[in-house]
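Participant: Those protein sequences? They're chains U and D, same order as listed.
Using numbering that gives the first Met the number 0, the first residue of the first sequence is number 0, and each one after it goes up by one.
Using numbering that gives the first Met the number 0, the first residue of the second sequence is number 0, and each one after it goes up by one.
Hints should not be assumed to be uniformly reliable.
Identical chains share a label here; the pair holds if one copy fits it or two copies do between them.
With a Cα cut of at most 27 Å, we get these calculated DSSO-like pairs of lysine-lysine [stated by the list, open to error]:
1) Lys120 <-> Lys242
2) Lys213 <-> Lys160
3) Lys160 <-> Lys120
4) Lys56 <-> Lys26
5) Lys287 <-> Lys124
6) Lys160 <-> Lys263
7) Lys215 <-> Lys164
8) Lys164 <-> Lys213
9) Lys160 <-> Lys287
10) Lys213 <-> Lys120
11) Lys120 <-> Lys287
12) Lys248 <-> Lys235
13) Lys124 <-> Lys215
14) Lys235 <-> Lys224
15) Lys89 <-> Lys108
16) Lys164 <-> Lys99
17) Lys238 <-> Lys248
18) Lys224 <-> Lys248
19) Lys235 <-> Lys225
20) Lys224 <-> Lys242
21) Lys225 <-> Lys238
22) Lys306 <-> Lys164
23) Lys124 <-> Lys213
24) Lys89 <-> Lys124
25) Lys99 <-> Lys263
26) Lys160 <-> Lys306
27) Lys215 <-> Lys160
In short, the hints are calculated from the structure, not lab data.
Protein chains: 2
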Amino acid sequence: MQNRISALFGIRYPIIQGGMIWCSGHKLVSAVSNAGGLGLLGSASMTSEELRDEIRKTRELTSKPFGVNVPLLYMHSEEIMNVIVEEGVKIVFTSAGNPKTWTSFLQEKGIIVAHVVSNSKFAEKADLANVDAIVAEGFEAGGHNGFEETTTMTLIPSVRKVTAKPFIAAGGIATGRAMLAALILGADGVQIGSRFVASTESEAHQNFKDEIVKAKEGSTNLLLKKIVPVRLLNNKFSKEIIKAESEGKNREELSELLGRGRAKLGMSDGDIEEGELEIGQVSAIINKVMPVSAIIDDIMLDYRVAKKQVDYVRFNF
Amino acid sequence: MQNRISALFGIRYPIIQGGMIWCSGHKLVSAVSNAGGLGLLGSASMTSEELRDEIRKTRELTSKPFGVNVPLLYMHSEEIMNVIVEEGVKIVFTSAGNPKTWTSFLQEKGIIVAHVVSNSKFAEKADLANVDAIVAEGFEAGGHNGFEETTTMTLIPSVRKVTAKPFIAAGGIATGRAMLAALILGADGVQIGSRFVASTESEAHQNFKDEIVKAKEGSTNLLLKKIVPVRLLNNKFSKEIIKAESEGKNREELSELLGRGRAKLGMSDGDIEEGELEIGQVSAIINKVMPVSAIIDDIMLDYRVAKKQVDYVRFNF
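Input sequences plus hints: build the corresponding full structure.
Facilitator: Put into structure tokens, the structure is as follows:
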């Protein structure tokens, strides 16, 4: 267990489960951690007291390391951080904000801090803020995303150039082959979102899981770039956004069209036409809802087979 | 030399140089073929007689296999194909059109046909048209691109699922590490564009090459999606397009803004502000103009080092 990511977090495989809103509750998180990955609670869709409850329930289901994802753009980050400290959580992934804000506060309390970025400029800032690990997420990833639209294939080498920290790649990764490719490109581990949304244990509504299984190439689009870019599965709502954007609607008009509570409506309440369904391009190759342990077994088998194949003749020049 | 792509084309390494307009003349093509890859003349920026001249000049400079790229959307495809047959070229890459149109005509004359696609639906069509090889190009690639915006990381496994044909991945590939990653994801070879544009031998204007070296993450954008999506380097012209698109300008208005001859103006004449500069996202990690032989040596060294590193402990789980 010498890999820098597995060593840092005390886990078996360098597989992080993205802490996704409305999907990443105690069942998913404990299942991932029990299967040898790192589960992350998605605090962005929880009040601080809901998070406290989720942390406690997770602990009842696993003795393995797990963490909490905290997007820093919400108003209640401080309450969330206090709950994390009070409950003795040892791993925090921050995103969507300045990595300096919380890193040393958390580290002084013995908490390992990873920070999520979408470009190498922000990776440098995270490195300077002395985070313990950096996650870089490519254009193909589901949910909120960077403005540069840099894909995982091009982002990994760029980030690797600017930091020597343990580095987790995200976006477009759902298989062992993709995990091996990410490691070869320079990452130390991977963060997987979409495939875990489509797990038995995820809190996502069954309707949303069914849509992921049906998704094909071109079924997702990066939208709302005039507000904050977000990758959404095609539905009635996303088509309205695409039309409005094509017509040149401005930020205010788009915000009005977006309204409030669309993410909960889609992913948690299962309104697959009017809700926001945040999912990655890789949903195109996800064809089955599986239990987490089977997903991780499948990824690791695929990884090991791919690794052996590198010695085959088709790779020899 | 058992790899399916190197065996098919009779080359040493499964590295194809994209047949790029205004960049891929006889100097680049012969240099790539002499260095063990497959050079492709970019016929889209040539008249049929210019192509004839380029084929003859290429043959003076190399005895190795080379080919011609033919986008099928231009009016003079037939003239181009006749020149290819008359001059005894043995390899043709078609793109931007129906693979059925020319494949059997060319194959009956002993010509190997590869077809370029941007999604797995078109890959299936190419497979049914019985092409000899399929190229699939991801969202991060320079120049003309697909509507689905599928990235190389997610496109390769999708295409690999629908065809057993020899398969070349393109988009975001400029290093040996990326080549190994593409092979692991399921490709048999790679097509490299941007890095060869930035070679000593490419016909690109020196001003354009200098801009590639300066490019950073976020320096390219996929634009003109209401006409045909094309990835361009940021400049005065691209900013005008971005503004016009943001304001909701329609296809006609955008076509007028685009006008004619922008690609030549930028890439061949070197007007880096008013011209179209077609280049991939991977330009962000291209930091030097190098001779082709040094580029291929560098890619293959990087490939071999990366391949050995797969046995290192950080890859072992």
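Participant: Should lysine 225 paired with lysine 238 be assigned to within, between, both, or neither, using CA atoms and 27 Å as the limit?
Facilitator: This pair counts as both: shortest intra-copy Cα distance 16 Å, inter-copy 16 Å.
Participant: Tell me, please, which holds for lysine 120 and lysine 287 at an alpha-carbon limit of 27 Å: within, between, both or neither?
Facilitator: between (37 Å within a copy, 21 Å between copies)
Participant: Go through the copies and call it for lysine 238 and lysine 248: within, between, both or neither, with a Cα cutoff of 27 Å.
Facilitator: both (14 Å within a copy, 18 Å between copies)
Participant: With identical chains, the pair lysine 124 and lysine 215 could be close in the same copy or across copies; at 27 Å between alpha carbons, which is it: within, between, both, or neither?
Facilitator: between (36 Å within a copy, 17 Å between copies)
Participant: One pair to classify: lysine 56 and lysine 26, alpha carbons no more than 27 Å apart. Within, between, both, or neither?
Facilitator: within (8 Å within a copy, 66 Å between copies)
Participant: 27 Å Cα cut-off: does lysine 124 pair with lysine 213 within a copy, between copies, both or neither?
Facilitator: between (39 Å within a copy, 21 Å between copies)
Participant: Between the shortest in-copy and the shortest cross-copy C-alpha distance, which are at most 27 Å for lysine 224 and lysine 242: within, between, both, or neither?
Facilitator: Both: 14 Å inside a chain and 13 Å across chains, each within 27 Å.
Participant: With identical chains, the pair lysine 213 and lysine 160 could be close in the same copy or across copies; at 27 Å between alpha carbons, which is it: within, between, both, or neither?
Facilitator: between (37 Å within a copy, 16 Å between copies)
Participant: For the identical chains here, do lysine 215 and lysine 160 meet the 27 Å Cα criterion within one copy, between copies, both, or neither?
Facilitator: Between copies only: 13 Å across, 33 Å inside.
Participant: At most 27 Å between CA atoms: does that hold for lysine 248 and lysine 235 within a copy, between copies, both, or neither?
Facilitator: Classified as both; 18 Å inside a copy, 23 Å across copies.
Participant: How would you label the pair lysine 213, lysine 120 (within, between, both, or neither) given a Cα cut-off of 27 Å?
Facilitator: between (36 Å within a copy, 15 Å between copies)
Participant: How would you classify lysine 160 and lysine 120 at a CA-CA limit of 27 Å: within, between, both, or neither?
Facilitator: within (11 Å within a copy, 36 Å between copies)
Hints 6 and 25 from the earlier list are contradicted by this structure; the remaining hints agree with it.
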